[in-house]
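Asks: What follows is the residue order along each chain.
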Amino acid sequence: MQDDDFQPDVLSVSERLAAEALIVDVDGFEGPLDLLLTLGRTQKVDLRKVSILGLAEQYLAFIEKARALRLELAADYLVMAAWLAFLKSRLLLPPDPSEEGPSGEDLAAHLAYQLERLQAMRDAAARLMGRDQRGREFFSRGLPEDVVRSRHVTYTATLMDLMQAYARIRTKDEFRPFTMDRNNLMTMEEALDRMRGLIGFAGEWSDLHSWLPEGWETDPVRRRTATAATFAASLQLVKEGHLELRQGETFAPIQIRKKP
Amino acid sequence: MADTEETGQEQSLFEAPPMGEQERMVEAVLFASADPVTVADLTARMPHGSDPAEALVRLRKRYEGRGVRVVKVGDAWAVRTAPDLGFLMHKEVVETRKLSRAAIETLAIIAYHQPVTRSEIEEIRGVAVSRGTVDLLIELEWIRFGRRRMTPGRPVTFVVTQGFLDHFGLESARDLPGLKELRAAGLLDNRRPPGAGLGEDDDEDIGDEDQEDLFEED
Amino acid sequence: MADTEETGQEQSLFEAPPMGEQERMVEAVLFASADPVTVADLTARMPHGSDPAEALVRLRKRYEGRGVRVVKVGDAWAVRTAPDLGFLMHKEVVETRKLSRAAIETLAIIAYHQPVTRSEIEEIRGVAVSRGTVDLLIELEWIRFGRRRMTPGRPVTFVVTQGFLDHFGLESARDLPGLKELRAAGLLDNRRPPGAGLGEDDDEDIGDEDQEDLFEED
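Protein chains in written order, with the working numbering: chain A, 1 to 260; chain B, 1001 to 1218; chain C, 2001 to 2218.
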């Protein structure tokens, strides 16, 4: 950009043009970090020595201008602006010993690190893409020799095929009525609905097991789930004051009756 | 690149590249071409003043007795495996077919849910699993029988094999990405029936316009 | 009984082919294949007792300075044309769509930081990894899923593939340009923002360990 330092207050013509170019370019930035990196480069120093305070001011000035020009800014730009304003105040004010958390210097150092790391990765990416590439600078055998045809058949599938197949099945699943899996499962809600309808007939003490729904008493899996659901439902009904529950001793049969 | 370009252009004004260099060029072109290459084609590609016919004679001599040879095919030239080594190519020659949808789905369910019984696979897929599908996957050595399930009937279970992990470049079946990750990677078609319930995926509303960003026009 | 005995003897008595012959075999197999071939694959295809690793060393030397070269790609080997002759090959160049900046940066971050999670990539780039970027890189077979990170949520990680190494002419991920300098400068550390939760530090440790695995082994 230009040689002298970026000064948000007194702008030369060229500086103002540069700043406007930046602002017009706002869509070209990949988020606040990218913008900060670009601003950092205008300071014309090694990224390690970049002035984070100066950078924060440049960024805030940028945001102000963008707002003045009524440019739509994504939320993360505003979040960054708020954070940089906070950082700026921390860097300017003497440290408050009673305050918790990392110091302004720590935060600034980390931001500088992030910028340097992003720049390093961009340079690395450029170097990578600048390498000789297969199919561009060097080539593999143009006519691989898959000689002798044997009737041997193999099947192939890629990891993508596999994952897509699984995703396909699972998305289908998401729309399936959940109860289809529950042939052998009774929920407490189901038992409760059933008990509420039957409760009027429970004038005398009767064994809880006699309250299991028909068809659920023989199969062990179904009996277990029905027993648990019915028991839980009767506890709920006791809590609601509709039912009484008793048991002679540990492991003795549990009996219920309608609360008189 | 810059070097050769310079060499190429400069040479064309003055003299052809040295024969050794021409030999290298012919060697590279014959190797990379999908079809046999004629002398005329070589002349057109190589720097002005080159003598590909002579380079071919030398290259052919150089490859005498080697594992590959420079051979004439009609009026063109190509690199071919030495005939006595044809037996080495045997392994390369297998007909590959894509796995059927039923097979890949069954395989995916086994990979994600192993150990899993046949009836569990059927429950997840919603259709019966044919015998041939399981047989094929076993024959490919991608699945094998696991321990029997300790439930009535003691059904056998299926698990994936080391061969499966090798084929799909996985360290372990647990490294397979979950649903959320599949969705995040864009592998999951998000089209839903209208009015379908809200799932765990509502955070993934990154628009499709991002896709456009992937390629720049050049 | 006598038969098996004989087979056993035959195996041990049968001498491996002379090294010159083994070199021819390796040459033939590498030339025939478009993709890199592993030493294990060579061993399986060559006669019992062969030493393809040694044959490869010799073959590589033989092709030094020629129009094609024997190159190492991860734990496999391939024949590739010399890069300085690329100018002869415009006929072979397949025009590929230009990758976006986002895709290129994501690829570089995965290569230099592998194994790396999606959220780490986002931390470095400062923006969300768009859907489709990862998808595209997987489709190009330049990246794949690596081991899950042993941190809460067990996020999947991404690593680069042999196809990536092949495409960019790298012997291994350790040969990435500038890797040592970047590491020495601390730019490949998984440094967390100051004041970040303690739990994240474990993450860092494991990440580094994995990275050692990937880069240091020989």
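Hints were generated in silico from the structure; no laboratory data involved.
Heads up, the beta-carbon is just placed ideally off N, CA and C, and yes, glycines get one too.
Hints may be right or wrong, so weigh each one.
[As the list claims (entries may be wrong)] DSS-like mimics (lysine-lysine), calculated; alpha carbons at most 25 angstroms apart, straight line:
| no. | chain 1 | residue 1 | chain 2 | residue 2 |
| --- | --- | --- | --- | --- |
| 1 | A | K258 | A | K239 |
| 2 | B | K1061 | B | K1072 |
| 3 | A | K49 | A | K88 |
| 4 | A | K49 | C | K2072 |
| 5 | B | K1072 | C | K2091 |
| 6 | B | K1061 | C | K2061 |
| 7 | C | K2091 | C | K2180 |
| 8 | C | K2072 | C | K2061 |
| 9 | A | K88 | A | K65 |
[Claimed, not checked] Each pair of labels, with its calculated beta carbon distance range:
| no. | chain 1 | residue 1 | chain 2 | residue 2 | range |
| --- | --- | --- | --- | --- | --- |
| 10 | A | R196 | B | R1147 | 42 to 48 angstroms |
| 11 | B | P1155 | C | G2049 | 44 to 50 angstroms |
| 12 | B | L1165 | A | F251 | 46 to 52 angstroms |
| 13 | B | A1128 | A | G215 | 52 to 58 angstroms |
| 14 | B | G1153 | A | G197 | 35 to 41 angstroms |
| 15 | B | L1165 | A | L78 | 43 to 49 angstroms |
| 16 | A | R246 | B | L1165 | 33 to 39 angstroms |
| 17 | B | A1128 | A | L208 | 52 to 58 angstroms |
| 18 | B | T1151 | A | Q247 | 27 to 33 angstroms |
| 19 | C | R2062 | B | G1178 | 29 to 35 angstroms |
[Said to hold, decoys possible] Stretches of chain C that chain A covers, calculated by requiring three or more beta carbons in the stretch to come under 8 angstroms of a beta carbon on chain A:
| no. | stretch |
| --- | --- |
| 20 | 2047-2058 |
| 21 | 2071-2084 |
| 22 | 2114-2122 |
| 23 | 2127-2141 |
| 24 | 2147-2154 |
| 25 | 2158-2169 |
| 26 | 2188-2195 |
Asks: All hints, please: hold or fail.
Replies: Hints versus structure:
Distance check on the hinted pair: A/K258 and A/K239 sit about 12 angstroms apart at the alpha-carbon level, within 25 angstroms; holds. The straight-line distance between the Cα atoms of B/K1061 and B/K1072 is roughly 13 angstroms, inside the 25 angstroms bound, and the hint therefore holds. Between A/K49 and A/K88 the CA atoms are separated by roughly 17 angstroms; this keeps the pair inside 25 angstroms, and the hint holds. For the hint pairing A/K49 with C/K2072, the CA-to-CA distance comes to about 41 angstroms; that exceeds 25 angstroms, so the pair is violated.
About 21 angstroms separates the Cα atoms of B/K1072 and C/K2091, which keeps this hinted pair within 25 angstroms; it holds. The hinted pair formed by B/K1061 and C/K2061 meets the criterion: a straight-line CA distance of about 19 angstroms does not exceed 25 angstroms. Between C/K2091 and C/K2180 the CA atoms are separated by roughly 37 angstroms; this puts the pair beyond 25 angstroms, and the hint is violated. A threshold of 25 angstroms between alpha carbons decides the hint, and for C/K2072 with C/K2061 the separation of about 12 angstroms falls inside it, so the pair holds.
For the given pair, A/K88 sits about 18 angstroms from A/K65 by alpha-carbon distance, which is consistent with the 25 angstroms threshold. For A/R196 and B/R1147, the Cβ-Cβ distance of about 44 angstroms falls inside the hinted range of 42 to 48 angstroms, so the restraint holds. For B/P1155 paired with C/G2049, a C-beta distance near 47 angstroms keeps the hint of 44 to 50 angstroms intact. Restraint check, B/L1165 to A/F251: a C-beta distance of roughly 50 angstroms satisfies the suggested window 46 to 52 angstroms.
In this structure the hint that B/A1128 and A/G215 lie 52 to 58 angstroms apart at CB is violated, the actual value being about 26 angstroms. Range check, B/G1153 to A/G197: Cβ separation about 36 angstroms, and the 35 to 41 angstroms hint holds. One distance hint, 43 to 49 angstroms for the beta-carbon pair B/L1165 and A/L78, holds here, with the actual separation near 47 angstroms. For the pair A/R246 and B/L1165, the supplied restraint of 33 to 39 angstroms is violated, since their beta-carbon distance comes to about 58 angstroms.
For B/A1128 paired with A/L208, a C-beta distance near 40 angstroms fails the hint of 52 to 58 angstroms. With their beta carbons about 32 angstroms apart, B/T1151 and A/Q247 fall inside the hinted range of 27 to 33 angstroms. C/R2062 and B/G1178 have their C-beta atoms about 49 angstroms apart, which leaves the hinted 29 to 35 angstroms range violated. Counting residues of the stretch 2047-2058 of chain C whose beta carbon lies closer than 8 angstroms to any beta carbon of chain A gives 0, which falls below the threshold of three, so the coverage claim is violated.
Taking a C-beta to C-beta cut-off of 8 angstroms, the stretch 2071-2084 of chain C contributes 6 residues in contact with chain A, enough for the three needed, and the coverage statement holds. Given a C-beta distance limit of less than 8 angstroms, the hint that chain A covers the stretch 2114-2122 of chain C is violated, as 0 residues qualify and 3 are needed. Only when three residues or more bring their CB closer than 8 angstroms to a CB of chain A does the claim for the stretch 2127-2141 of chain C stand; here the count is 3, and the claim holds. Note: the stretch 2147-2154 of chain C has 0 residues with beta-carbon separation from chain A under 8 angstroms; the three-residue rule is not met and the coverage is violated.
Requiring three or more residues with a Cβ within less than 8 angstroms of a Cβ of chain A, the coverage given for the stretch 2158-2169 of chain C holds, as 4 such residues are present. For the stretch 2188-2195 of chain C, the stated coverage by chain A holds: 4 residues have a C-beta nearer than 8 angstroms to a C-beta of that chain, and at least 3 were required.
Violation of the numbered hints given earlier is confined to hints 4, 7, 13, 16, 17, 19, 20, 22, 24; the remaining hints are satisfied by the structure.
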